[in-house]
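> As a plain string of letters, each chain reads:
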Amino acid sequence: MEFTVQQIADLLQGQVQGDGNAKVNRLAKIEEGAPGALSFLSNAKYEHFLYTTGATAVIVSKNLELKQAVNTNLIQVEDPYTAFSALLEVYQNALAAMREGVEEPCFIGDNSTIGEKHYRGAFSYIGKNCKIGSGVHIYPHVYIGDNVTIGNNTVLYAGVKVYPDSVIGSYCTLHAGAVIGSDGFGFAPQKDGSYKAIPQIGNVVLEDNVRIGANTTVDCATMGSTIIREGTKIDNLVQVAHNVEIGRHTVVAAQTAFAGSSKVGNYCTIAGQVGVVGHISIADRTIVGAKSGISKNIKEEGTFVQGAPAFDYKQNLRAMAVFRKLPELQKQIEELREKL
Amino acid sequence: MEFTVQQIADLLQGQVQGDGNAKVNRLAKIEEGAPGALSFLSNAKYEHFLYTTGATAVIVSKNLELKQAVNTNLIQVEDPYTAFSALLEVYQNALAAMREGVEEPCFIGDNSTIGEKHYRGAFSYIGKNCKIGSGVHIYPHVYIGDNVTIGNNTVLYAGVKVYPDSVIGSYCTLHAGAVIGSDGFGFAPQKDGSYKAIPQIGNVVLEDNVRIGANTTVDCATMGSTIIREGTKIDNLVQVAHNVEIGRHTVVAAQTAFAGSSKVGNYCTIAGQVGVVGHISIADRTIVGAKSGISKNIKEEGTFVQGAPAFDYKQNLRAMAVFRKLPELQKQIEELREKL
Amino acid sequence: MEFTVQQIADLLQGQVQGDGNAKVNRLAKIEEGAPGALSFLSNAKYEHFLYTTGATAVIVSKNLELKQAVNTNLIQVEDPYTAFSALLEVYQNALAAMREGVEEPCFIGDNSTIGEKHYRGAFSYIGKNCKIGSGVHIYPHVYIGDNVTIGNNTVLYAGVKVYPDSVIGSYCTLHAGAVIGSDGFGFAPQKDGSYKAIPQIGNVVLEDNVRIGANTTVDCATMGSTIIREGTKIDNLVQVAHNVEIGRHTVVAAQTAFAGSSKVGNYCTIAGQVGVVGHISIADRTIVGAKSGISKNIKEEGTFVQGAPAFDYKQNLRAMAVFRKLPELQKQIEELREKL
Numbered sequence: 424m425e426f427t428v429q430q431i432a433d434l435l436q437g438q439v440q441g442d443g444n445a446k447v448n449r450l451a452k453i454e455e456g457a458p459g460a461l462s463f464l465s466n467a468k469y470e471h472f473l474y475t476t477g478a479t480a481v482i483v484s485k486n487l488e489l490k491q492a493v494n495t496n497l498i499q500v501e502d503p504y505t506a507f508s509a510l511l512e513v514y515q516n517a518l519a520a521m522r523e524g525v526e527e528p529c530f531i532g533d534n535s536t537i538g539e540k541h542y543r544g545a546f547s548y549i550g551k552n553c554k555i556g557s558g559v560h561i562y563p564h565v566y567i568g569d570n571v572t573i574g575n576n577t578v579l580y581a582g583v584k585v586y587p588d589s590v591i592g593s594y595c596t597l598h599a600g601a602v603i604g605s606d607g608f609g610f611a612p613q614k615d616g617s618y619k620a621i622p623q624i625g626n627v628v629l630e631d632n633v634r635i636g637a638n639t640t641v642d643c644a645t646m647g648s649t650i651i652r653e654g655t656k657i658d659n660l661v662q663v664a665h666n667v668e669i670g671r672h673t674v675v676a677a678q679t680a681f682a683g684s685s686k687v688g689n690y691c692t693i694a695g696q697v698g699v700v701g702h703i704s705i706a707d708r709t710i711v712g713a714k715s716g717i718s719k720n721i722k723e724e725g726t727f728v729q730g731a732p733a734f735d736y737k738q739n740l741r742a743m744a745v746f747r748k749l750p751e752l753q754k755q756i757e758e759l760r761e762k763l
Numbered sequence: 424m425e426f427t428v429q430q431i432a433d434l435l436q437g438q439v440q441g442d443g444n445a446k447v448n449r450l451a452k453i454e455e456g457a458p459g460a461l462s463f464l465s466n467a468k469y470e471h472f473l474y475t476t477g478a479t480a481v482i483v484s485k486n487l488e489l490k491q492a493v494n495t496n497l498i499q500v501e502d503p504y505t506a507f508s509a510l511l512e513v514y515q516n517a518l519a520a521m522r523e524g525v526e527e528p529c530f531i532g533d534n535s536t537i538g539e540k541h542y543r544g545a546f547s548y549i550g551k552n553c554k555i556g557s558g559v560h561i562y563p564h565v566y567i568g569d570n571v572t573i574g575n576n577t578v579l580y581a582g583v584k585v586y587p588d589s590v591i592g593s594y595c596t597l598h599a600g601a602v603i604g605s606d607g608f609g610f611a612p613q614k615d616g617s618y619k620a621i622p623q624i625g626n627v628v629l630e631d632n633v634r635i636g637a638n639t640t641v642d643c644a645t646m647g648s649t650i651i652r653e654g655t656k657i658d659n660l661v662q663v664a665h666n667v668e669i670g671r672h673t674v675v676a677a678q679t680a681f682a683g684s685s686k687v688g689n690y691c692t693i694a695g696q697v698g699v700v701g702h703i704s705i706a707d708r709t710i711v712g713a714k715s716g717i718s719k720n721i722k723e724e725g726t727f728v729q730g731a732p733a734f735d736y737k738q739n740l741r742a743m744a745v746f747r748k749l750p751e752l753q754k755q756i757e758e759l760r761e762k763l
Numbered sequence: 424m425e426f427t428v429q430q431i432a433d434l435l436q437g438q439v440q441g442d443g444n445a446k447v448n449r450l451a452k453i454e455e456g457a458p459g460a461l462s463f464l465s466n467a468k469y470e471h472f473l474y475t476t477g478a479t480a481v482i483v484s485k486n487l488e489l490k491q492a493v494n495t496n497l498i499q500v501e502d503p504y505t506a507f508s509a510l511l512e513v514y515q516n517a518l519a520a521m522r523e524g525v526e527e528p529c530f531i532g533d534n535s536t537i538g539e540k541h542y543r544g545a546f547s548y549i550g551k552n553c554k555i556g557s558g559v560h561i562y563p564h565v566y567i568g569d570n571v572t573i574g575n576n577t578v579l580y581a582g583v584k585v586y587p588d589s590v591i592g593s594y595c596t597l598h599a600g601a602v603i604g605s606d607g608f609g610f611a612p613q614k615d616g617s618y619k620a621i622p623q624i625g626n627v628v629l630e631d632n633v634r635i636g637a638n639t640t641v642d643c644a645t646m647g648s649t650i651i652r653e654g655t656k657i658d659n660l661v662q663v664a665h666n667v668e669i670g671r672h673t674v675v676a677a678q679t680a681f682a683g684s685s686k687v688g689n690y691c692t693i694a695g696q697v698g699v700v701g702h703i704s705i706a707d708r709t710i711v712g713a714k715s716g717i718s719k720n721i722k723e724e725g726t727f728v729q730g731a732p733a734f735d736y737k738q739n740l741r742a743m744a745v746f747r748k749l750p751e752l753q754k755q756i757e758e759l760r761e762k763l
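Line by line, the protein sequences are chains A, B and C.
My numbering applies: residue 424 is where the first sequence begins, and numbers increase by one.
My numbering applies: residue 424 is where the second sequence begins, and numbers increase by one.
My numbering applies: residue 424 is where the third sequence begins, and numbers increase by one.
The following block holds chain A by itself, in its conformation from the complex:
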């Protein structure tokens, strides 16, 4: 896609300083700009790049006062960051809209329906009795088991695996290799010390606007549903066990794990490599620092914890600071004991 600088300025309700007929065909950081690229300058710290950039055009604040001449064309707007973000979104939506149609071979089982304007990649698989909305993108090697429901405009990237009976909302994004609905990890110990699998007959429910990262796994419930609520964003390689419930608009970073039947509130922020034990609850707006282990209920909203097991963030910082000096403290205690 190629645009003139003037077209971009019109879209952003900005003013052109320079050649409005110059053409741009991609976006780039200002320090990496090359002919054909459109960049933006928001943070004053990077202003020096404006005078050396190879980009064909740069979106700048209309209040910016140039300190020297520029070789690029300027698009002056109210707020360059917002303008650029808006542009990015237009760009991505345009790219997404271009992806429509069905590549062969692909597989769709009996009695399954799918809405209009969708994309189904080659080697994608849809089982029986599925109800799939419109505008959905199903990339190559996606597997959708029987009886799955998917809302409108949801995107399943290459190789996503959705087990039977899962329910996925609208405007969800599932990244490559994510697994939705694998069996919960439940086994009944037998008298001889072996284990017998407890049948897992529940499912997974992802509400609208949920985002699941690459190679993340979400197990189905033993009975009932494992639920991830509206707007929650989950990073790569996260484990969500059976019967877990994660609230609305919560963010979970990479490699975190939630054990069976744990409940996470709304508007929480869970950093990376965190572990949450089973059958506990975490209040709304909780913040959990990286690598923490949550071993008991967090009842108070807005708590910030750190450590394994986790406790108050600041208290943990102070304890860690002393931890480093433990050999010294030990020596001091010995000296004291000798003196007495």
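Please note: incorrect hints may appear among the correct ones.
You can't tell identical chains apart in this list, so a pair holds if it fits in one copy or across any two.
What the hints assert, rightly or not - Straight-line distance between alpha carbons at most 30 Å, and here's what the computed DSSO-like set of lysine-lysine pairs gives:
#, residue 1, residue 2
1, K748, K762
2, K719, K748
3, K446, K490
4, K722, K468
5, K446, K468
6, K468, K614
The hints are simulated quantities; they were obtained by calculation from the structure and are not laboratory data.
Chain A is fixed; fit chains B and C onto it per the hints.
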């Protein structure tokens, strides 16, 4: 599948209280019961749900004395939990038995054989010279490399990848995205600081009744075999490196990693996010707490460890309790020093 | 492939002691040798196996003095370990060279090119406008998005997913289920507490000789590139976030995670289950112990750190040793306080 309440009662050798002709077509928790659902009541704590449930039928103890009238139909049995578990198993076996046949297109290489009553999903791939048993379920997008052996009644869910020369037993379950037999992570440092891959010519052996979780990875041995023995259950996103041996009937929770050549005993319980360093041994019946790091041999059977590095569980609990108070202890030491 | 012992000896410039016409068809550990197997003896510790091995031939040092008679055939060389490694490499290269051709069905989009002597497995997918070199192996269920570039002799094992616009060098190895180019985890908080995805328009660049483990995920950059430089080796289930840069010839063990925009130097060794926070730099030749959390810049080359948060390795060891004794130290402090 639809059954009458009487049919279920007959299967469970129970008595119907109410309408034996009422029809049920799925299983549900008692608190989530709706028309058509069959539930059970085992724990007295949930008895109040019995009087409000929307389920069409509920399996109850024959000794239960009703405190008020019920709107549902009762199936009275000796032990509701056992009865319901038995039913679940019948249900899952029935579902599994229904899955048979071959969906096209799928790929099978020269000289490979597969037993009767199997399922092969569309886009599944079987290489050359494979020997695959009867009753095996191979879901869509499964890849089975050359010279692989698989026993009877093993299930490979969508997108499982099995490298050449792997040996998989009977009644194994491999969940979506699991990788069996990827190269061990072994590199010989060169004089210039670069690395050269050490060829990995071993394989992976999974004995009977092994369960591998979604997106778990099991590397092949450098030479010889990486082995997971009979009945061992492994959760999602676990890493099993080259030449690891895990004993019989051991349970491993999500995101745990075993480094190269580590050996784990029988009947162990390894919690989530544990790390085990290479070339060490863990005795039978060892219990390892979540997030622990095992850095040396555990020689005594039945040991329970916690921490990174791990030591005795109770000792670790006590040390962690003091850890939180370190700033206070430091202050006390300072005070003591001032006094002296 | 079958060879005579003499053929192997000629290849390794060694001398046969025994029957040069005996035939070998596979490699095995000396303690697991069986008829047809070729083994080697390098470490004197294993010499006793030489007198009992069932292997048809064993590569030994020409300086080895036998302590008793052997039932196997010897190939005497300068350095058995080097000779065997060389043989392994010949063996693997021969296996690799055998894999050539195209299995159907497979998919290749408009305007994509691929060099000679390549392998494309059934159900592999290549998008539009891709440039793929010669000698490349693309296993079944590999997905390569639009506009991807791949150098010569790179191997993508089954189910690797490469998002559009990625750039992959020559002689790279990507193990099964690896995901290259999934969206970076970036969201702009909205006034109502919900999140809006920040479009991720960058890509991933893997330079030559990079190795990516099974089910590892490498996110694309928000803008610009996430880069893994020449010769770096990454294990299974590792997370590399958006805009991360990892230097040359660095080794990263399983389940480690690099948060957004972190920079790792050349020749580093990062153990397993490590976490690196965003926007920090790690100097060349840094060594990071298992399970560590790197929370600030490491500026000095060759630093060895451990712990979460990480600090000097030896200092951490000493602190951990005291940590175990904390309950005892607490008691000593109490006693001191009572005395005063």
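> The structure should be examined with respect to each hint, and the outcome stated for every one.
Okay, the hints, checked on the actual structure:
{"no.": "1", "hint": "K748 with K762", "result": "both (21 Å within a copy, 21 Å between copies)"}
{"no.": "2", "hint": "K719 with K748", "result": "both (29 Å within a copy, 19 Å between copies)"}
{"no.": "3", "hint": "K446 with K490", "result": "within (25 Å within a copy, 80 Å between copies)"}
{"no.": "4", "hint": "K722 with K468", "result": "between (42 Å within a copy, 23 Å between copies)"}
{"no.": "5", "hint": "K446 with K468", "result": "within (27 Å within a copy, 71 Å between copies)"}
{"no.": "6", "hint": "K468 with K614", "result": "between (68 Å within a copy, 27 Å between copies)"}
In the structure shown, no violation is registered for any of the earlier numbered hints.
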